[in-house]
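As they're listed, the protein sequences go chains A and B. Residue 152 in this note's numbering is what sits at position 152 of the first sequence, and the numbering runs on without skipping anything. Residue 31 in this note's numbering is what sits at position 31 of the second sequence, and the numbering runs on without skipping anything.
Hints in this document: simulated from the structure, not taken from any laboratory. Hints may contain errors.
Since the list gives no way to pick out one identical chain from another, each pair is judged satisfied if it fits inside one copy or across any two copies.
As the list claims (entries may be wrong) - 20 Å max Cα-Cα, derived SDA-like pairs, lysine to any residue:
1) 165 / 94
2) 127 / 162
3) 165 / 247
4) 99 / 243
5) 127 / 211
6) 99 / 45
7) 127 / 212
8) 165 / 249
9) 165 / 177
10) 165 / 240
In this text, all values refer to a predicted model and were calculated from it rather than measured experimentally.
As a plain string of letters, each chain reads:
Protein chains: 2
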Amino acid sequence: MSSQSDAGRGLGRLLRAPATVTTRLCQAGILILAVWWVFGPLGGVGTTPRDLGEGANDTGPIFNWHPLLMLLAFPVLMGEALLAYRSPAPTLDSRPARKVYHISLQICALALALLGLTAAVRSHTLKLPQPIPNFYSAHSFLGGLVLALFAFQVALGLWAYAWPKLSHPARVTLGPVHTFLGRAILGLGLAAAAVGLQEKATFLQLGAGAGPASAALRLPALLQLLLAAVALGVLWHHVEPARPGPGVVSLAGDGIPLFEQRTPRNSADH
Amino acid sequence: MSSQSDAGRGLGRLLRAPATVTTRLCQAGILILAVWWVFGPLGGVGTTPRDLGEGANDTGPIFNWHPLLMLLAFPVLMGEALLAYRSPAPTLDSRPARKVYHISLQICALALALLGLTAAVRSHTLKLPQPIPNFYSAHSFLGGLVLALFAFQVALGLWAYAWPKLSHPARVTLGPVHTFLGRAILGLGLAAAAVGLQEKATFLQLGAGAGPASAALRLPALLQLLLAAVALGVLWHHVEPARPGPGVVSLAGDGIPLFEQRTPRNSADH
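So here's chain A without its partners, still in its complex pose (with noise of 0.2 Å):
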């Protein structure tokens, strides 16, 4: 069994460090892609709007926000605290560090994401000569639904996990459930992200004259696909490890477990 299990390490860790790499190499290329967009075509950030004479106004700038925040909310911080206690990460060795960091991460994004709906209903509300419905389209529908699954997962992980009010069985027990809340708000995040993507492109290419080719409408479409990329890369690292039995090989390395093995404190050795 030990050796089974080693194999099974062995190549685990092969195929995961890659997937690490690619992970956070697509997570930087949103940034990039995002500031490019934002900086770019979009005009760029500001917190007032721009006077636009004859009781009109571009709230443009404020709206730019949203796209920025979001990007570094979801795929970003929630995509690397989904990898906290499972990527190799050298530094972070120990269980509680990794506990930490992937509760901090966690509230980041949570703070983020709620200012980004802030920037977008701010920009909506400002717009003059008249203002713009809040909450009408489908992607403030599915936008609404994460951030509400967000801010109950944050919550309820915190009352169970950092201040536990669950015992050491209740929270293994809710265990699978918190990790398939997670991964779900992380895949119905990017979903929600690219959809406002499609949104804003589509915006632009009716509105604004936006070209087929135009950087305008490139860079969001280049977007999704590294958002697709970086859900399939997070949540590689979350497959589980096939069935033991003869000749089978784990292709799912092991992290570091979610709950450590409690030795009983009147244990004889050691």
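The hints should help you fit chain B onto chain A, whose structure is shown.
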């Protein structure tokens, strides 16, 4: 251990049956809303362009097959295929029957998805006075990636499992990768569908002047929420059980095992 396992299965079945029912209600809801949207605000389907005179035509009825076929292929047929080994289906209680059901659903889903792609391309190409360009939007990039992955997965699955070219241990080794890729393709396919719904909705909003509260925009927004619910519902059936231990209860029920436990032929008892 036996009593522990029974408790886990009991609770698992308790949680899994309502998840199965809810998922299927959401799948039915998707079909109803898709038909309502296509035959209501979008004006129905057809196989030839409508001549509008002066060298112009309306290829909308050809295009409208695209959302119908894709929403039948991904959330409904592929969703059902991913439930095949995990849902309570008393009429399919043998593993070979579930395998045939799984394979048949996936082949139908792939065929309909390819037909759905054809409908979109044909409607673009036949458009007068000028054809609409293909494969420039974010939706088309993401959808193309999903279809390529899906075709690869079906080919790999048939090769590895249907006419097994792989040994039993090799099939077990590949198992987690096959299910990972299947879940990923479902997730990416539903995301691509959500993006496509948003693209079409924004075209209707800016091109045809559909209002924020019109059925043309409300129906795709509700469809997106149902797509998210189907993703959550199907993947809930794939939650791995909690690690066994004192007091730990598995919230994930056990379905039919993916690989039957082979009893040695020379086994003495039974």
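Tested hints:
{"no.": "1", "hint": "165 / 94", "in the structure": "neither (22 Å within a copy, 43 Å between copies)"}
{"no.": "2", "hint": "127 / 162", "in the structure": "neither (42 Å within a copy, 59 Å between copies)"}
{"no.": "3", "hint": "165 / 247", "in the structure": "between (42 Å within a copy, 16 Å between copies)"}
{"no.": "4", "hint": "99 / 243", "in the structure": "between (27 Å within a copy, 19 Å between copies)"}
{"no.": "5", "hint": "127 / 211", "in the structure": "between (26 Å within a copy, 18 Å between copies)"}
{"no.": "6", "hint": "99 / 45", "in the structure": "neither (34 Å within a copy, 53 Å between copies)"}
{"no.": "7", "hint": "127 / 212", "in the structure": "between (28 Å within a copy, 17 Å between copies)"}
{"no.": "8", "hint": "165 / 249", "in the structure": "between (38 Å within a copy, 17 Å between copies)"}
{"no.": "9", "hint": "165 / 177", "in the structure": "within (17 Å within a copy, 36 Å between copies)"}
{"no.": "10", "hint": "165 / 240", "in the structure": "neither (28 Å within a copy, 24 Å between copies)"}
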